[in-house]
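As given, the protein sequences belong to chains A and B, one line each in that order.
No gaps in the numbering here: position 513 of the first sequence is 513 in my numbering, and each next residue is one more.
To convert, take the position in the second sequence, counting from 1, and add 534; that gives my numbering.
Since the hints were made in silico from the structure, they are not lab data.
Subject to a maximum C-alpha distance of 27 Å in a straight line, what follows is the list of computed DSS-like cross-link-like pairs (lysine-lysine):
| id | chain 1 | residue 1 | chain 2 | residue 2 |
| --- | --- | --- | --- | --- |
| 1 | B | K716 | B | K584 |
| 2 | A | K498 | B | K541 |
| 3 | B | K766 | B | K753 |
| 4 | B | K539 | A | K24 |
Remember, predicted model here, so these are calculated numbers, not experimental data.
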Amino acid sequence: MELISVQFALFVAIALIVYYLFPKKKQWIVLLAASYIYYLLICNKYIIYMMVTTVSTYLGARAIDALRIKQSEVVKAHKQEWSREERKSYKNKNLSKRRWIMIGVLLLNFGILGFLKYFHFTAEIVVNFLGLFGFHGTAPDLGLLLPLGISFYTFQTMGYIIDVYQEKVEAEHNIAKFALFVSFFPQIIQGPIAMYDDLAHQLYEEHDFEYDRLKSGALLVLWGMFKKMVIADRAVKMIQLVTADTTAFSGTFILMAALMYALQLYADFSGGIDIVRGIGEMFGITMAENFRRPYFSKSLTEYWHRWHITLGNWVRNYVFYPLSISKKFLDMGKWMKPRFGKHISKVVPTSLASLLTFLIIGIWHGANSKYVAFGLWNGVVIMLIELFRPVNDRIGDALHINREGKFYQFIAMVWTFILVLIGYYFDIAESFSSAIDMLYRSVFDLHLSDLHAFDVLAPSGLDHWDYLVILAGAIVILIVSIIQERSGRKIRDMLMEKKLRVQWACIFVGIFAVIIFGFYGPGMDPAEFVYMQF
Amino acid sequence: MREKKTKARWKGILAFTGIFLVLFLVVSDIMSVSDCTSLANIRGFYMEPKNSLDVAMIGPSEFYADYSATQAWQEYGYTSYSLAVAGVPGNLYKSMLKEVQKRQSPKLVVFEVNGFLQGDDYFAREGQLHTWLDNIPWSENKIETIKEMIPENEQYSYFCKIAAAHNNWKDIGQVANCTAIKARMDLNGYSYTKGFGTYTKSCDNVRNSKEKKIQFTEKSQAYLSDLLQYCKDSGVEHVLFVRFPHGRKIKNPEVLNQVADMVTSYGYDFLNLNDDLDELGIDPDTDFYNVEHLNVKGMEKLTTYFGDYLCQNYDIKSDHSAKEVAYWNKCAERTASMMTECQDDLAQGKVRRYFELSVYLSRTKSAKK
Chain A
1 MELISVQFAL FVAIALIVYY LFPKKKQWIV LLAASYIYYL LICNKYIIYM
51 MVTTVSTYLG ARAIDALRIK QSEVVKAHKQ EWSREERKSY KNKNLSKRRW
101 IMIGVLLLNF GILGFLKYFH FTAEIVVNFL GLFGFHGTAP DLGLLLPLGI
151 SFYTFQTMGY IIDVYQEKVE AEHNIAKFAL FVSFFPQIIQ GPIAMYDDLA
201 HQLYEEHDFE YDRLKSGALL VLWGMFKKMV IADRAVKMIQ LVTADTTAFS
251 GTFILMAALM YALQLYADFS GGIDIVRGIG EMFGITMAEN FRRPYFSKSL
301 TEYWHRWHIT LGNWVRNYVF YPLSISKKFL DMGKWMKPRF GKHISKVVPT
351 SLASLLTFLI IGIWHGANSK YVAFGLWNGV VIMLIELFRP VNDRIGDALH
401 INREGKFYQF IAMVWTFILV LIGYYFDIAE SFSSAIDMLY RSVFDLHLSD
451 LHAFDVLAPS GLDHWDYLVI LAGAIVILIV SIIQERSGRK IRDMLMEKKL
501 RVQWACIFVG IFAVIIFGFY GPGMDPAEFV YMQF
Chain B
535 MREKKTKARW KGILAFTGIF LVLFLVVSDI MSVSDCTSLA NIRGFYMEPK
585 NSLDVAMIGP SEFYADYSAT QAWQEYGYTS YSLAVAGVPG NLYKSMLKEV
635 QKRQSPKLVV FEVNGFLQGD DYFAREGQLH TWLDNIPWSE NKIETIKEMI
685 PENEQYSYFC KIAAAHNNWK DIGQVANCTA IKARMDLNGY SYTKGFGTYT
735 KSCDNVRNSK EKKIQFTEKS QAYLSDLLQY CKDSGVEHVL FVRFPHGRKI
785 KNPEVLNQVA DMVTSYGYDF LNLNDDLDEL GIDPDTDFYN VEHLNVKGME
835 KLTTYFGDYL CQNYDIKSDH SAKEVAYWNK CAERTASMMT ECQDDLAQGK
885 VRRYFELSVY LSRTKSAKK
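Produce the complete structure using the sequences and hints provided.
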């Protein structure tokens, strides 16, 4: 049951009807049932992995919570008799127990994810390494299959156990309710990765049927379908053709494929998230924003605050901040200060934490060296920018560059996009070496005259009309993004304020644009959502 | 107050859904593009008065190019209709016959055997399957045909034709043509030509054309046998299977004997006109528009011959009401005047396509004059 399919639309419609007809206090049960039915339908027996994650995390969180409660009770009971040291010692022991429980849950669940996702990758590295010493062999093929959405629900659930450990949230007592938090069906496949305190209470709350909210959600679904079906599914054909054999294409077409990928990836992923968030909205649940016009970013750091926001927040909250303020990193800063100065001592530990964070983001994307390179590229560039910021500032001041000026902002935007685009080469290339070759040829094998030989792209199955649709679709996205960026408002809200006939006209145009220009039907073979594979 | 608002909303939702459904059906119909002649033939068939046809001709383009129902009416006085779809595979013949039976009780049904002789891939021709199934009304027969003929994973595009047709926006000219045909025929309410279409040109390489090997595969035999059995079961008394003349000689003519044997074993008739060009008076140098189809000159000769053959061998003539006669005369006259234009173009070497829509265009021209 694909996210864009008649079956899924019917499934959502039935779930909505039952949801709003059900007694409000029990609405969450409908969501849980729908989520488990959906996951069973798409993943069959692999639901067991999700259940293991649910049960282990639930029990872990409950145990941590119980220890926390016990600690406060015991400390209260012995308030008079214990000395400060005794109290501290008890608290440390208690904390240590809680930490070990958390680590156990993290190890188990990241272990499952790591084993299923990275076993082959790791085994190949080990085999290659052993080969250097004359031990030749082949990596065992265990025929492991990755359950859909495992990265998303694992990250979301592990965020929860850390939050419970850090006493940011209380452990959920009802395992069925917790199971819903793990499995909420619209988001299970491709996120967004929700924080427990953002999502959980919404899932369990009572929701009245609200016509305007339903309409607003449906509009968001329509917008997502436009991005996915009209642009992304069409554009992917050209990218697949060029990246399947890059040696057959000049640098001009490789660059075109990379640019197309930037558009396709955004349309695909943000389109999918719009559909998910739109469905959530129909159920009265507001899910976290995952994209905020990322290509308008004026620095790579800003880009990562606008692109896949929920993953960025997760790694920031659970990897970057804990690392940056960890004793070792603070000690490193202290050690460096007298030797390399204030700036370096401040930037290096933070940058190293950032580098590790991006390494995790890269590895999260897939078990392949190219994804590692993708993560490292982003981490290293951000590190270098931070390291050389004083130099950059000095040059800017010397040249009297107005950093607030529109021209500077525009150049910064273009420059950031170029940096992002370079990162994408690692994404689309078959391997790391292929990415480097593609990058080299995109610069040194670039000839505008190649555009006359556009026919080489014909095997993709796209014709000039398709490229025109992609261009028109991209312009629509651009205009919508500019309006949103300037006004800070949702287009949907603006539309809702218009007269009914204007609203209907716009909605009909949208629906029929998807129906007519969508890339679907027999022989069209639409691509799966890119982020489904993660 | 709140109740009023809820009522208004429900009305709004219903109105929106209604408008959407209407728009969806209109857009689906407009985007559904077919070969123009076949489209006109199918649409026109459903416009014929019920139980008014003496002969039903079911088959591929040979029937609309090589035979004129209106000429046969003028010469022999029987009514017929060429329910012909370009390149239609034989596995659709049963479905076509069922559609005929729903509206007509012909005394004779004629099938062209071409649809069974082109190999197994021919039976899965998506374009032809869509041309037929997208243009016939919803019925049990249509659903059965889809379920029987179309692989399960593609059936949705026949139940919801926009799924396959939405991409036709790239061929906006053809979309416009088909829409014009549908609108013009709907406005007229009946077909003038009764399933006719041709090109005004003469093929000059008929004599030198390569011999063609035909195939009567196991699948073909199964489909033909199924059709024959259906004819028997549904009580169709007179059925003639015919091979119309072709410019290309058949490399393995014995295959047609196999077809004839199977047809006659069910008590039906078979007529092979493939190579009898001399007997039919057809000149290979002037009477074909391509190696598969006769042009208007060849068509006139074959219609005369074939009409005579049908009258000699079957009791197909019946008494038609004065209204029917007037209707057929009117159609025959209008088609004949189109044929005259057609002959003129052929003589002057102007290559044009003539089919149902040409009759209306021809009238526009004369009205302007």
